[in-house]
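Mapping of the sequence shown onto my numbering: position 528 corresponds to residue 528, and the numbering continues sequentially without gaps.
Rather than coming from a laboratory, the hints here were simulated on the basis of the structure.
Careful, some of the hints might be misleading.
Said to hold, decoys possible - Derived Cβ-Cβ restraints for the label pairs, each shown as a range: (1) 610 <-> 433: 52 to 62 Å; (2) 250 <-> 595: 47 to 57 Å; (3) 470 <-> 194: 35 to 45 Å; (4) 212 <-> 235: 21 to 31 Å.
None of the values given here were measured: they were computed from a predicted structure.
All C-beta atoms in this analysis are idealised placements derived from N, C-alpha and C, irrespective of residue type, glycine included.
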Amino acid sequence: MTAGADEKTTTAPAPTTPTTAIIVVLSLCGTLVSLQQTLVLPLLPVFPEILGTTSDNASWLVTVTLLTAAVGTPIVSRLADMFGKRLLLIVCMWAVIAGSVVSALSSELALVVLGRGLSGLGACLVPVGISIMRDHLPADRVGSGVALMSATLGIGGAIGMPLAGVIYDNLDWHALFYVSGGFAVVMLVAVYLVVPESTVKTRGRFDYVGAVLLSVALTCFLLAVSKAGTWGWASPLTLSLLAAAGLVLAAWVPWELRTGQPLVDIRTSMRRTVLLTNAASVLIGFAMFANFLTSAQQVQMPADTGYGFGLSAVSTGLVLLPSGLLMVAMSPVSAGLIRRYGARAVLIAGAVTIALGFIGRSLLHGSVLEVVVTSSIASLGTALAFAAMPTLIMRAVPITETASANGLNTLLRSIGTSSASALVAAVFAATMTATASGFPAPSFAAYQLIFWAGAAASLGGGLIAAFIRRPQRVSVEEPGAAAAPTGERTEVKHAGMGDLPELLVRGRVVGPRGGPLRQAVTTVLRPDGTHIDWGRTDNDGRYTLALPEPGAYLLVVSADGWAPQSCLVDLAVGHEEDVTMTRRLLLSGHVLDDGRPLGGVLVSLIKHSGEYVATAHTDPDGYYEVGLPPPGRYVLTAVDHDAGRTRSRALTVLATSTTLDLDMVTGVPRPRVDA
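Whenever a hint applies, use it, and build me the whole structure from the sequences.
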């Protein structure tokens, strides 16, 4: 390893902003976002008349916010990691303000839809806010802060419906957007005054191609899902959009794997904890929104349906309010449970609780109180699950990628909610019948189907979460402290969880000739082995690691085809640590002719599945070598053109240099594995 610049500067002082103030401001920002999602729902039946359009066109007031939120979330999250989380938080707030102003000053459908689309970008601030909490809050407050911000999604949704009803009953409909815009202005000022900018930023180029491809795929998919109820699931337009989404996604994944600075790090996303948490998020998001939609619609249905209670929009919001308040009240409880039992266990418990709530809803529905209690049980489980998911994600990704990783998780939750909305609409439309008063309403069998689908989805999410690995626990002894009793073990927390990173360490990983090594993995630990951060190099071989303070650290670097390297280094502000990988891992050996070296022979290596890997020729001593391929099963073939002979042998390559001698006469391989 060779040291880079020796320049050092004074470490920036830690921010003095009170922790509670940061949590409150960011959580209120989350409430603002969730208000945007539900503020127009009670008025959807009257918007066709207000705007002089059809019900199908009026539904775009909801659909467009879903699309812009989904498309914008991964883009804004990546930009936040690159240019600053507070900066992008402010950008999202300005988008909400601009959207509210456009909608408030317009009476044309197209302009109101445009305003709603801008407001939908506000949803992008949720993963950014969660990442800010990780960067700036003490370790013991991160869990409660994340849990509260996740819970505000429920309280905002619960408040939105009665608030919209009260405003519309007493004021002009434009006042809806004046209120949301005014709230956004207040929160923008609060963000400027309270939230500090993060010191954790990643340098590099933005992945424009990846952003365009993912945006197209998401737009096609979400349009197909959200409008399938109107267009029909078997309509050519719906099927074409789904096919286009699949094709573009198939092109996007290889692109993200090839590019050095991807919009979404597929390799990180495929880590077991991240992959399983994201998969569970889709199902939990489905269950959460199915509970919300069916609760709101069931209590508003006429009493002559046999299951409805004929409540107004305002009364419906008040009925849903206990669920939202319960989610907020559960936030400190969720954080305590996560600290005591782990995020994995809390996620499983939350999923099971949601399922119990749905089962209760299918059995107890004779009064408003029963609906409130059973839906609140499901909301309680949602609060537990939503608090655990960001915690699991942040513990499994580099500190410099927390916003983009949380953005992907939020996006997948949104896909789950969109799927729930589409399923509810499709099931209700298929079972719509006229009531005694002539009011069209779905049968209660449709509600039962959604209840059981929600229970199955939540249990599926819990089952997936059960396969997440438990966090490793290691014994830790404080210097000078007495040894812990035999068998007593203490969990070592990820140093990035809530510790303020005071400095970033950057550098390059290169080969012996100075060429950059892309996708090399760099890991930094304390000398006692406590994990601090990790990351991958880009196409130029550059990496960025976040540290809590200057000092001595253990730096470990690994790359495919190279022997790993490590060293103890003193890292400080402005320090750059360049790494030169010197030992190439090889697949090598000799080709023999009845025990005698055979020179000039072609040696070809292919995968067991047939793909080409490499070729080489033996030297006069019969020796060959090729760079060690990734671990797996391969076939090595030697071709003696002069004698017209070939020999092939199967071999399994591990992550260490491998030697395989091959005799053209006997055909007997002599494999050896070198350390």
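Tested hints:
no., hint, result
1, 610 <-> 433: 52 to 62 Å, "58 Å, holds"
2, 250 <-> 595: 47 to 57 Å, "51 Å, holds"
3, 470 <-> 194: 35 to 45 Å, "36 Å, holds"
4, 212 <-> 235: 21 to 31 Å, "26 Å, holds"
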